[in-house]
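> Whenever a hint applies, use it, and build me the whole structure from the sequences.
In the order they appear, the protein sequences are chains L and U.
Using our numbering, the letters of the first sequence correspond one by one to residues 1 to 228.
Using our numbering, the letters of the second sequence correspond one by one to residues 1001 to 1228.
It is worth saying that the hints were derived from the structure and are not from the lab.
Virtual Cβ for every residue (Gly too), placed ideally from N, Cα, C.
Take these hints with a grain of salt, some might be off.
Stated by the list, open to error - Taking beta-carbon pairs under 8 Å as the criterion, some of the chain U residues facing chain L (in silico):
#1 1072
#2 1145
#3 1156
Protein chains: 2
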Amino acid sequence: MKSAVILLSGGLDSSTLLHYVKSKFAFQPLHALTIRYGQKHARETTCAAAQARAAGVEAHQQIDLAFFGKMMAAASTLTDPDRPVPALAELPPGQLDQPPTYVPNRNMLFLALAAAYAEARGIADVFYGAQLQDRYGYWDCTVEFLDRMNAVLGLNRRQPIVLHAPFMTMHKSEILKIGMDLGVDYAATWSCYRGQDKPCGVCPSCVERRTAFEALQVADPLTGGISR
Amino acid sequence: MKSAVILLSGGLDSSTLLHYVKSKFAFQPLHALTIRYGQKHARETTCAAAQARAAGVEAHQQIDLAFFGKMMAAASTLTDPDRPVPALAELPPGQLDQPPTYVPNRNMLFLALAAAYAEARGIADVFYGAQLQDRYGYWDCTVEFLDRMNAVLGLNRRQPIVLHAPFMTMHKSEILKIGMDLGVDYAATWSCYRGQDKPCGVCPSCVERRTAFEALQVADPLTGGISR
Chain L
1 MKSAVILLSG GLDSSTLLHY VKSKFAFQPL HALTIRYGQK HARETTCAAA
51 QARAAGVEAH QQIDLAFFGK MMAAASTLTD PDRPVPALAE LPPGQLDQPP
101 TYVPNRNMLF LALAAAYAEA RGIADVFYGA QLQDRYGYWD CTVEFLDRMN
151 AVLGLNRRQP IVLHAPFMTM HKSEILKIGM DLGVDYAATW SCYRGQDKPC
201 GVCPSCVERR TAFEALQVAD PLTGGISR
Chain U
1001 MKSAVILLSG GLDSSTLLHY VKSKFAFQPL HALTIRYGQK HARETTCAAA
1051 QARAAGVEAH QQIDLAFFGK MMAAASTLTD PDRPVPALAE LPPGQLDQPP
1101 TYVPNRNMLF LALAAAYAEA RGIADVFYGA QLQDRYGYWD CTVEFLDRMN
1151 AVLGLNRRQP IVLHAPFMTM HKSEILKIGM DLGVDYAATW SCYRGQDKPC
1201 GVCPSCVERR TAFEALQVAD PLTGGISR
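Printed below as a string of structure tokens:
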């Protein structure tokens, strides 16, 4: 059986991706990688462990890159202890294509690690949960980014890794629909960038999540309602 | 003044690169990154610190990725505690294009980290010491690899990082010549893959180094002679 590696943050998208890959393809065993990179909170990673258990992942590895958050520090509101994560409504209009929640080159770093992990184990396929953002964007969540990363990895002379992001051109509501049909437990996912006791409801990630649940007219088990 | 980041292992190539970049360009300040990745020995990193001091590097950061060596383990003789680094003469002829000393996707990982470090500091230029190997090779030390990595990074919407590898098409003797002219102290560099008290003299990296010194008819201060 062919195996696969999935980058699993414990958010809505990567949690859905895990169950999607498990149900749609015959990969066996499944490997999940969860990377703490020094973001302000790591609530997601607890969810990642729960999702990995629920999906019967054979190998779930957590990687600690705490130094990376310190190295990025002020460059992103996800790592800067002195700067709050802005509400979606507060994002500067001129920065929607690379907002303050962007972490410099994080996705290339994660994919490079996942590809190395896969290659060392003779695994050819790596999945990550990039999705289409409606109101802002990140260059390292685009089809061009994925294609060019695969162009690099394709040069490997023994084990060219192929990166897959099947949700890359989907809106979050489409991803949620897939996950609802698969029975994903969204109470065990975490999306909020701020990481307080409850989702803040206003950060870019909370708004996207709420919009998705509202589009499907389903209650979000984390907040108990379809709207705040 | 524009700044730059240099990946500095403390080997012959990256040490020369540091002094070359310092002398040839007007970057100021210079940042050097030294990454321990769980290779069997870290003699190089002591040399990296000495070279950074000698070049007057303003910011020298050492990064510890010890977990990476464990994650790679048996996939490379540079990280596998149970498998010796082969002599150059022992490399399987059919594996010279990706020999047992290759570490899966290590260079993409290092460059992703260096690019993130640079981007977070508003630095556009990253240098690494890839060079032409005469008798074996690595896909992630090629011009195609560099070009495709730059094609990825060029998608960044604010701060596209440019990777440079000015020694990529040079033989080690050419690099050594540049360094000799610049007065690089090669006693404070380390090339041997095996990391015993003295260079083993037979591993691929030792043989390349000796060949370079012999080509210039210069004594290697580490071994005291131009041949073993």
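> If a hint holds in the structure, say so; if it doesn't, say that too.
For each hint, the structure was consulted:
Taking 8 Å as the C-beta cut-off, the interface hint given for residue 1072/U holds, the closest approach to chain L being about 5 Å. Because the beta carbon of residue 1145/U sits about 6 Å from the nearest beta carbon in chain L, less than 8 Å, this interface hint is met. Look at residue 1156/U: its Cβ gets to within about 5 Å of chain L, closer than 8 Å, so that hint holds up.
Of the numbered hints listed earlier, not one is contradicted by the structure.
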